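Novice: Starting from the known structure of chain A, fit chain B onto it as the hints suggest.
These are the residues of each chain, in order.
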Amino acid sequence: MIRVVLPAHLRILAGVKGEVALDVAGDATICAVLDALEAAYPALGGTIRDQVTKQRRPFVRFFACEEDLSHTPPDSRLPSAVASGLEPLLIVGAIAGG
Amino acid sequence: MSTVRVLAGTRKGAFVLTADGKREKWDVSGPHFGGWEMYHVKGSPADPNRIYASQSSGWFGQLIQRSDDGGQTWKPVGNKFVYDGVPGTHQWYDGTPHPWEFKRVWHLEPSLTDPDTVYAGVEDAALFRSTDAGQTWEELSGLRKHGSGPHWQPGAGGMCLHTIILDPADPQRIYIAISAAGAFRSGDGGRTWQPINRGLYSKYIPDPTAEVGHCVHHVAMHRSRPDVLFMQKHWDVMRSDNAGDSWQKISGNLPVDFGFAIDVHAHEPETIYVVPIKSDSEHYPPEGKLRVYRSRTGGNEWEPLSEGLPQRDCYVNVLRDAMAVDALDECGVYFGTTGGQIYGSADAGDHWAPIVRDLPAVLSVEVQTLP
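Chains as they are written, first to last, in my numbering: chain A, 58 to 155; chain B, 383 to 753.
Bound conformation, chain A alone:
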């Protein structure tokens, strides 16, 4: 089970409180986690990554185990602590504006 923390606006959109727990088939990659997330919560389609190109939206970031994973290839494996459920994958809306 992989744990995912969503930003507040996306928790409201998905209708969830707190963390989301996902069964991810195969290797635990960002792409696989997002596939599972969007399958479980279709309303999140397009909000984290482009629906066609699958590119991360510019003001969305991925963090885990105190590392910024936003620029790692989406098909590379997540840290083992995330894959085992010990640590969550954090999906963060960038602090932007002013």
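A portion of the hints provided could be inaccurate.
[Unchecked claim] Rough simulated footprint, nothing fancy, chain A against chain B, three-plus residues with beta-carbon under 8 Å:
#1 461–467
#2 534–544
[To be verified] Residues from chain A that keep clear of chain B, each with C-beta distances beyond 10 Å, as calculated:
#3 Val62
#4 Leu67
#5 Gly75
#6 Asp84
#7 Cys88
#8 Ala97
#9 Val109
#10 Glu123
#11 Asp132
#12 Pro136
[Claimed, not checked] Below are the DMTMM-like pairs computed for lysine to aspartate or glutamate, each with C-alpha atoms no more than 20 Å apart in a straight line:
#13 A:Lys111 to A:Asp92
#14 B:Lys660 to B:Glu683
#15 A:Lys111 to B:Asp740
#16 A:Lys111 to B:Glu483
#17 B:Lys585 to B:Asp476
#18 B:Lys457 to A:Glu95
#19 B:Lys462 to A:Glu76
#20 A:Lys74 to A:Glu95
#21 B:Lys660 to B:Asp695
#22 B:Lys462 to A:Glu95
#23 B:Lys407 to B:Glu748
#24 B:Lys585 to B:Asp466
#25 B:Lys485 to A:Asp107
#26 B:Lys462 to A:Asp107
#27 B:Lys407 to B:Asp729
#28 B:Lys394 to B:Asp740
#29 B:Lys404 to B:Glu712
Everything labelled a hint here was simulated from the structure, so no lab data went into it.
Only a predicted model underlies this, so the values are computations on that prediction, with no experimental measurement involved.
Glycine included, each C-beta is placed from N, C-alpha and C at the ideal position.
Specialist: Frame of chain A; chain B shown alone:
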């Protein structure tokens, strides 16, 4: 007694304002989707409980929300807006080619007869249609591909398709308008299009009378006369009596002919409303006085309506989709400001009062008149 439901889209959420036919006491519900930009919220004429809303954010992109119970509950529906084929390029601000990129939905226009059919006007300019209540969207790409698309250029607010008008007498006829391309008409349900900009004069573009390139801000029509169109252009208020084949200037005695919003009285097709704005670089009312101008002669002769509106130190704007009318016997007129006020008049504009004063900047106002 009839009731009135005002649907307001703001920079930070949607609000639903309801009142009985007297339009004196208002119930305010919201914010719905707090923190999100709600560009447009509009109800289906065929089923008033069916409401569509455009929800977007710079972080999380575009969503479409649908209510089936008059705005009490909402459900996210389809948000996959994919241009048909290879999108190609339009002109960027500096005249260089720029790829077509979807940014947001500016305007949602539900079908007059089918609650499950709704049109979406988007930035970068294109027209989409859903026939399954917003679940899936298909581009009516004949508009973007009709020939002039590569020459379209964004206005200051982006290259948006902001106006969609469905002809109640001819289900095949659709009017749309794009900043800054101009107005277009389809006679075959959106399959093919032609520009309808003859008579527009835009001195700030290389060819002031070009077929496309005009910064049309909004267009309005009275449902009893679908051949008569009224336009607020970047500068100039215009009128067409032949479905857009040609336009005449009707700015007349307006203090300034710049503005965004324009609408038509529900029962008097020659009575029209605009809100003059000082200039394109200032975007606030002349002299700090918020005044709606009404013409009862289809243009040229205008009277200021200021009773109940701030007449000093007022520097708000009224955006293109932020004015609407109700259909009660004494026509109500409503508009929202970038200062967060929504003003209403229950007597066709003679007297105004704020319904709410401190909302986020108002992007759009629509009205439903309910039995």
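Novice: Need the list of violated hint numbers for this structure, in ascending order.
Specialist: Those not satisfied are hints 2, 4, 9, 15, 19 and 24.
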